[in-house]
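Join the two chains, each given in its own frame, into one complex according to the hints.
These protein sequence lines map, in sequence, to chains A and B. First residue of the first sequence? That's 1 in the numbering used here, and the numbers climb one at a time after it. First residue of the second sequence? That's 351 in the numbering used here, and the numbers climb one at a time after it.
Treat the hints as calculated values from the structure; they're not laboratory data. Wrong hints could be hidden among the right ones.
Straight line, CA to CA, 27 Å or less: simulated DSSO-like cross-link-like pairs of lysine-lysine [as the list claims (entries may be wrong)]:
hint: 1; chain 1: B; residue 1: K911; chain 2: B; residue 2: K948
hint: 2; chain 1: A; residue 1: K92; chain 2: B; residue 2: K960
hint: 3; chain 1: A; residue 1: K246; chain 2: A; residue 2: K109
hint: 4; chain 1: B; residue 1: K866; chain 2: B; residue 2: K960
hint: 5; chain 1: B; residue 1: K949; chain 2: A; residue 2: K137
hint: 6; chain 1: B; residue 1: K866; chain 2: A; residue 2: K75
hint: 7; chain 1: A; residue 1: K92; chain 2: B; residue 2: K977
hint: 8; chain 1: A; residue 1: K75; chain 2: A; residue 2: K92
hint: 9; chain 1: A; residue 1: K276; chain 2: A; residue 2: K301
hint: 10; chain 1: B; residue 1: K949; chain 2: B; residue 2: K1039
hint: 11; chain 1: A; residue 1: K137; chain 2: A; residue 2: K112
hint: 12; chain 1: A; residue 1: K301; chain 2: B; residue 2: K977
hint: 13; chain 1: B; residue 1: K941; chain 2: A; residue 2: K109
hint: 14; chain 1: B; residue 1: K911; chain 2: B; residue 2: K977
hint: 15; chain 1: A; residue 1: K112; chain 2: B; residue 2: K977
hint: 16; chain 1: B; residue 1: K941; chain 2: A; residue 2: K92
hint: 17; chain 1: B; residue 1: K949; chain 2: A; residue 2: K92
Which chain B residues stay away from chain A? Per the calculated CB distances, all over 10 Å, these [as the list claims (entries may be wrong)]:
hint: 18; residue: K407
hint: 19; residue: T623
hint: 20; residue: P663
hint: 21; residue: E869
Here chain A is said to cover these stretches of chain B; the calculated rule only asks that three of the stretch's residues, wherever they fall, bring their Cβ under 8 Å from a Cβ of chain A [said to hold, decoys possible]:
hint: 22; region: 822 to 833
hint: 23; region: 842 to 855
hint: 24; region: 959 to 973
hint: 25; region: 1105 to 1114
Predicted, not measured: the structure shown is a model, and the values here were computed from it. The beta carbon of each residue, even a glycine, is placed where N, CA and C say it ideally should be.
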Amino acid sequence: MFCEVHEASGTGSAALSGEAAQNHIMMTEYDTGLTGTVFDIQRFSVHDGPGIRTVVFIKGCSLRCIWCSNPESIKRRPQIGIYPDRCIGTGKCGECLEAVPAADLLIVKERKVVGLNTDRPEVCLPCAAVCPTGALKVWGEKTTVGEVMTEVLSDRQFYEESGGGLTLSGGESLIQARFAVELLKAAHVEGLNTCVETALNYDAEVLDKALPYMDLAYCDLKHMDSGAHKRFTGVANERILENLKKIVDSGTRVVIRIPVVPGHNGTEENLRATAKFLVDDIGGNVVQIQLLPFRKLGVEKYAALGMPYPMKDFEAPPRDVWERDIRQFAAMMSAYGLNAVAGSGARIPK
Amino acid sequence: MGQIGYEEDSWGVGVSGVVNDPSPFPRINRLRDWYLDECPCTIDAERAVLLTEAYKKFENEPQLIKVARALAHVMRNVTLHIVDGQLLVGDSAAPPKSCPIYPEFSYSWIANELSEFPPRERPNNRYDYNDDTERQLLEITDYWQGKTVSDSILDRMTPEEMKGDFMGIMLYSTSLYHIAGVGHLVPDFDTLLKNGYGGLQQDVQDRLNALTGDDPDTEEQRHFYHAQLITLDATIDYIRRYAALAREKANTAGGQRRDELLRMADNIESISTNPPETFWQAYQLVHFAWSIIQIESNGHSVSWGRLDQTLYPFFLKDLAQGTASREFMQEVIECHAPLCASFMKLRDWVTTQANSGRGLGTMTVTLGGVDADGNDASNELSGMFIDMVAHTRLGYPWTAARFHENTPEWFSAKVAKAMRMGTGEPKIFSDQVIIPTMKLRGISDEDAHNYAIVGCVELSVPGREYGWHDSAYFSIARVLELAINDGYAIGHEDKGRLGPATGNLEDFQFFEEVQKAYEEQMAYWVETQARSTDIMDDVHREMKPLPYLSLLIEGCTETGKDVNTGAAPYNFTGPQATGVASTADSLAVIKQLVFEEKKVSAGELMDAIKSDWEGFDALYHLVNSDKMHQYGNDDDYADELAIYATDVYCDKVEGRPNPRGGIYQPGVYTVSANVPFGMVQAASPDGRKAHEPLSDCIGPVHTYVGSHDRKGPTAVIKSASKLHQQRMSNGTLLNLRFCPSSLCGESGVKNLVSLATAYFRKGMHMQINVLGRELLEDAYQHPEKYRGLMVRVAGYSAQWSDLSDELRRDIMTRTEMSFD
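Extracted from the complex, chain B is given alone in its bound form (with noise of 0.2 Å):
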């Protein structure tokens, strides 16, 4: 166990979660041990069973009014609970830890591995539950059949759309909105902050009363606002049960906590309609509509936005009027960790593989940056936000600093000292580039000044923006190796071509040959997955329309129209980019050895990488050696490479039309999507073996032999800031590694932070991890001895023990970036 303190100085480096009793504040440390130790993750019944009920109570009303029937259906029936010692209350639909199940996206592949492959037997990421459970999951399983969103985007998809896809050889994957809610966004807080929810409420009466006419628009309008409302009424009626929840207990609770109780439920009361007056209600405010969200729809990395100034009035306010302390706040700050962390969200088996954790995703809350007129807008509460971070190490809720030119020296001191930590947190954003890439996108100046982060890259307009920002992971790497094999993928021979016939390596004269070959594929697959995506994004709109979720969205209560109908202001899809620098490198293995030197025939080399480099022992060391040029090293030969590479996917992405009236925009980041998406691809050019994951986010090539950066951190930001990163207006992300001693005492801190400000001048975002060579071994070998240990697995935080091994083991063949 580390040796750490509460402030800032002492926080350790590298010590990550493995610490005892991090926060000053008593009840968080037993609330952070209540996390960690006392209860197994379960899998819950109750909102599958509640919603199917409704489903087929209301089979025969129109889809909104049944939607918003069953959800309130849910919201009145669902089990509370209120943890010991909480501050915050609002649950998922389940007990705390426990996963509730959202039979309307997909219900199949849950019935499947209930009888199949048991969660409760996983090697990882298990989850318990008693036969009763069991049996209620699989009664529902027939009413289901042919009745979710999945089986409907899978009924209208033909065989050119599935062959690329996840149900196919996998060049791309829409998985993720296939068979779950969409999420990716940042609800219009500020209202209802303002409002209240009675004031939501009495907004919407007001304009159905207003609708006159019987249309079918209006007509459908009328249904919108019907659908509001019935959610608005259970609303209510939900945060009202916590209020008598919380008075029960406070009937046989002592002392101080029968106080807080009662304290707890008043407020609760309160804001059940009522605008909050205090900073504690307006907290508990935000998280009740955050997690209503979540009980409408699993779609995850629904964020909080900036709540350093959303909650900055609030706080200022008890301040001055001593309603509340800053030790109190805190506190409720710190409360909001384990309560964040405790919903949790069921995976397939697959998925949990690849993506490797538990927690509902990406929950970010977004601190510093500017405000709209370019001032900078950190203050007291972005600091205590960092605190947080410092005193749960849970990994929830996720932070995200938005640093800028301005920043004060304060506050990214105090961002790096919690980044050293080596939790994964914050992550960090740079307004110089950020803010002109989404006013190309035609965001305002006022909301690019605004922005916020969504899910573990994504940027976004807070309350104005249905981003459908993780609509697809698309292999360029893949791309590639049908340009070179003549529209065929290897190994999979036997499916016949599949994307276009543009010859094979060895018909090449030049080089610009592959370079046309790939350019034609990419345009072929990045059409096919847009497809794709319509397709999901129709069946959305037609099965699942989301009119709680549409009262949170600026635009919808106001047109009377339903977010997924592209009624928020701003609409976009964002497919991401996976591979950039394998894909680099084999192009510039291609170029150098086959092209200039021709040290290696192009029959040569397409030998090696069908037989998996088996027999061609020379050549794979050399494809992985420093005689190659090589992405990350700041190399324009292979860096050119790598801008051409990113430049043809975005070209093709870029500006395509949605099917909400918005477009498309390129991200290029993986997330950790390099290695299932590494995982069914044969070998390739780079000198990467069959399997072995693809490249991470912006970063350089790892492979089993060797990484193939050579300079350090400079020289990889050098590259990567290369990149045309102001097209990839969905995010990138760069991870970089560090040893702790590299970023220890105050030169560590001043270091890691002018690394960060010369990144920014070019480059999105960066996260870092810290971990020291011994101490992974170590947690490796065994992984039980580090519960605590959080890993930034390519934008995505886990848990250390929860990781697979294959993830554990890509982990540890990165470059450590030592200082010494």
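Bound conformation, chain A alone (with noise of 0.2 Å):
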């Protein structure tokens, strides 16, 4: 069972009470007060590491992807999407009016709510947590370890029987890194599975950090070319592969995901590459490598959050032909040797 949190403690340190808990305390404190911005949990994530998982969604993101499907985890602070589809008018409901802080933050056209007139969405909360309809959607909500933590367990039942447990992804997944190692700290101390899905790019203390409660990582590997991979993604890729290199080295089992963008890093070239990496630096040793299509997600989200598109003149090519694509692709990159799949539904290997 979740620990109950020793309030006097002031970090919220998590103990159980009572003398017969004294000898296991060093096996259940888990700082449950810490706190940290989360935009999503999911439940029942099954494509997201082995069994039946909860995905913990943490925001913020250090890369800049153009293909990025989640804008909303860009940010590190909470965010207000709008979506005036859904608003049914000030005429009939004027909820976000009254909850408003000031009148001229939010822009009202043809009596429906179509924008905020502010750079700190964070001060229009209110009206986000009045708005009946979901017209306004808040993305990013600050909580503790240990809130997460009841959300996650909640679903023991269902870790127990399908051998699942909590998977952090964001945004950057360690980008709060205090925050996501307490979280896969607490998950261990439960007895749950974790996997972390990370773009590896910081420093190499956050890694280790993380290291030692990590059971499955899920790194991603977006372009072998230092530069193609500052143009796509804002930045470079030399520490990335270096923290490849140190979480492979440690005898963590990494799962390496691609997300496959013809015409960007979707090509022969880079995916031979990125191959050759794999068994030349890495020692090929990964567990799997799991070449994902790129579909034009999350359109809908850049536009409640007022972003442009990146990639809304790219055309993207029908399911057939992406679906016969990613397999060759998988097909000449197991050449090497690698254990390489089409899609994130294969099993992985034990």
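Next up, the structure:
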């Protein structure tokens, strides 16, 4: 069971009370009061690690991939998305107008809320809190390790039956490093399996802290050419590749995930280079390489956030084409002696 | 068309029955095409005409003798059929895919529809018939006027019992047994397989001979045994007529079919009196036994019980002696699917709209589970029946798999692979929860371990229980409506106050007063419903004894009493609560908005629902939003109210005595009754508009503007697990829907099994729908393209193209439980 919080400890460190619990105190300690920002908790996820899992989406990212399908994950602070189509109009409702701290913060056109007139969206949180239709949607809630774990542990019986557990995703799941590590530790204390989805773009010390609590890592490799990597994601790839070596050297099981974007990183040249790197520099020590299709997802979220969609001119190939291409790429990479698969559904080898 | 194979890993995910040639046996694929394509569904007059002749001729005989002679007259004279290529025979006293008519139960609606809204002109579920059939059916109308079971029930009901029933505001509906037979049982096949009809006949004769005395009770027993002997004689003759027909057909058939027909004739001849020797004979005998129950009465959900146990000794013996190969026995099992599917039941147009479907209904085969000692009982045959599901995809016979803590992985995986095809079969049940629940109702340990599924959901002891499992549907959502509206039904104020005067929501100062009113209304309406049901029980006992069925239910022959008198060891009456989540979410809105947050006044909320939310847009969206506590999200606030709402119902129902010496037991599921019950109810506080369906079974609320469950299937399962299902001994059902991608691959199977196993710690029964949104949209637009698509409509399997528009829309608004 989840431990109770000792308010007096200030940091909110947790322990079982009573004498009998003393023996377990080392095993059961984690900082339930530590706070972080999460933009979604998705129960019953089955494509992000073994079994039935709960994915906790950590807000904030250090990359700016032009194909990102979770634009709401990029900024660390809470944001408000606006869906004018869902607004039933200020004539019939108007709850937000009553809750707004200053009248000019909401942009209303033809009696519908269409945008925010501020670069500090958090001041409009009270409006979202009263909106009955979901026209104003909040992404990013400041929460604690304890609150997140309460939600995660509600599906314990399903993890037990399926061998599942907690997966951290993002954004960059380790961008709020202390919070993320504490969640992983909490999961281990509670006996849950842990997976981390990460782009590896951070200092090596972050990895050092997380590694002891990581049962499986999903690591993104977006491009082997550092210049192209910088063009598509905003950062160079040297530190990412170093971290990948480090994580593999630690003995942690690693699955490589590559979003295959045609004409960007989805080229024979890049994928061969990736395979070669994995064989030559990593010793092929990854359990699987998943090639994921790129589809234009998240367009409506970009619009809700008032952000331009970077790939708007990109024409995604039809399903039969990308399915064929990805299968071919997987076969090509497998020829290097790697376990490359199409999509995220294949069983991860034990 | 989906690309599928015969082996379990290639059965496909979400392709349902939209496939060609799913069976490795060409014979089965031909029979499947015959069923799906070749002839239209029809109505047949022969049973009705023969039965009427007999009723006229034997009018002055005691009721037991009259009904026995009538059944015998039908069986001796009705035309028989053997479908080309079939290995099994036995019709419904009508041609395959044709509805026999049962005028003794109810007739005025048939006569009315024939004249006013002919079944051959229906927009869906249409039945063809020629003018001659129409004339024959109209000719007997006068004879049956005032003579049916339904007429007598109506005569005896007072206005008080009618006002809440389907002839009134339909707070509850007892319509099923009001207009038709009872069914909902598993016959004792084991004794029949052991002794044969000859053995049964000897037993009855011996008991008749042993009777002495001439007091009225003994005289009644004498009538009963006479009646049994009349039906047994007719049964043996009836079976022999099939043997003769097979020989006759063999004369004109060629090659292999000729030999097959001759073997069938020998088999049939032999089992007309003798116990069966082979698997094929045993299966044929079981089918005869079942089909004659259906000729005697049109009660549905007469189920097959645990055929993987019943037939296993014959399977082993055939293998050991080399009398049949596994492949041949598989073929026999698969032949049963099109045969079962071709049994049809004519329902009135209103019921058809609500239940949608032609099939006789829920003749379920139960597979797996534990034996009397608690050990796993699954065997090779259990797997072969699952193969049958995948190889036929016709929805018949229905299949149910029992899961327990030691269910072997091969079996649960195979079941999951069949489930993910998306035909709605098999449904799965939890031994862990069900066995203790049955024992709580006084069922012995051994019998509880041997339970089987009857109907969509219900649990029954094979051969030892007459459970009246589907006695009524009962809307607890409507009970709440009357509880906040001083006993008046919204929109029916002209009918006056219908329930006790428990006050208006505006009068209440505390939420507890709402609860008190709900409890008072519940007590009144449960009792009124039970009185209606008891009247039906009395009438069935007096007017429609079942001497043939009584041969196959323990206790009847032994005591010389008909099954309707309470001769079976176990006698229950099971009404089902409808609208659990609608009630829970309504209570949550009242509690949260009116009494706690005081955001809305009681008057405002009542105005909103009385005006169908017109002019209350913001409130309508608010109550449908995630700002409310709602059942299905693992939110204790709302889940506690769902527990409360169902506990009050169970409190009033459980233990009430019934006329057969048994008790009432509550069930909590809707099948598809949530649609018609929603159709007759005004808007409700949960955010439901007038006429919109109530919530399905024990699942969450889905309204036009959104589904109230937002956290996926694990949260729904957690919420449903909190209900006190161990009290709901007539059964519960949780429907979950998945999109195909979520169930693909090895991990999809494992996750589905894990989900079920986790639910089965506290939950009884789960079914799944597997459909992609894309497929569903297209299927909605073009139902004709999806002739083989089967959808589980809350415990009721039907073909997509036979579903009503309303029901199709209801399915489409359910959440897609995507894994992605």
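Results of checking the hints against the structure:
no. : hint              : verdict
1   : B/K911 to B/K948  : violated, 61 Å
2   : A/K92 to B/K960   : holds, 18 Å
3   : A/K246 to A/K109  : violated, 53 Å
4   : B/K866 to B/K960  : holds, 22 Å
5   : B/K949 to A/K137  : holds, 21 Å
6   : B/K866 to A/K75   : violated, 51 Å
7   : A/K92 to B/K977   : holds, 18 Å
8   : A/K75 to A/K92    : violated, 33 Å
9   : A/K276 to A/K301  : violated, 36 Å
10  : B/K949 to B/K1039 : holds, 21 Å
11  : A/K137 to A/K112  : holds, 15 Å
12  : A/K301 to B/K977  : holds, 21 Å
13  : B/K941 to A/K109  : violated, 36 Å
14  : B/K911 to B/K977  : violated, 59 Å
15  : A/K112 to B/K977  : holds, 21 Å
16  : B/K941 to A/K92   : holds, 24 Å
17  : B/K949 to A/K92   : holds, 16 Å
18  : K407              : holds, 63 Å
19  : T623              : holds, 51 Å
20  : P663              : holds, 35 Å
21  : E869              : holds, 31 Å
22  : 822 to 833        : violated (count 0)
23  : 842 to 855        : violated (count 0)
24  : 959 to 973        : holds (count 5)
25  : 1105 to 1114      : holds (count 4)
In summary, the structure is inconsistent with hints 1, 3, 6, 8, 9, 13, 14, 22 and 23 from the numbered list given earlier, while agreeing with the others.
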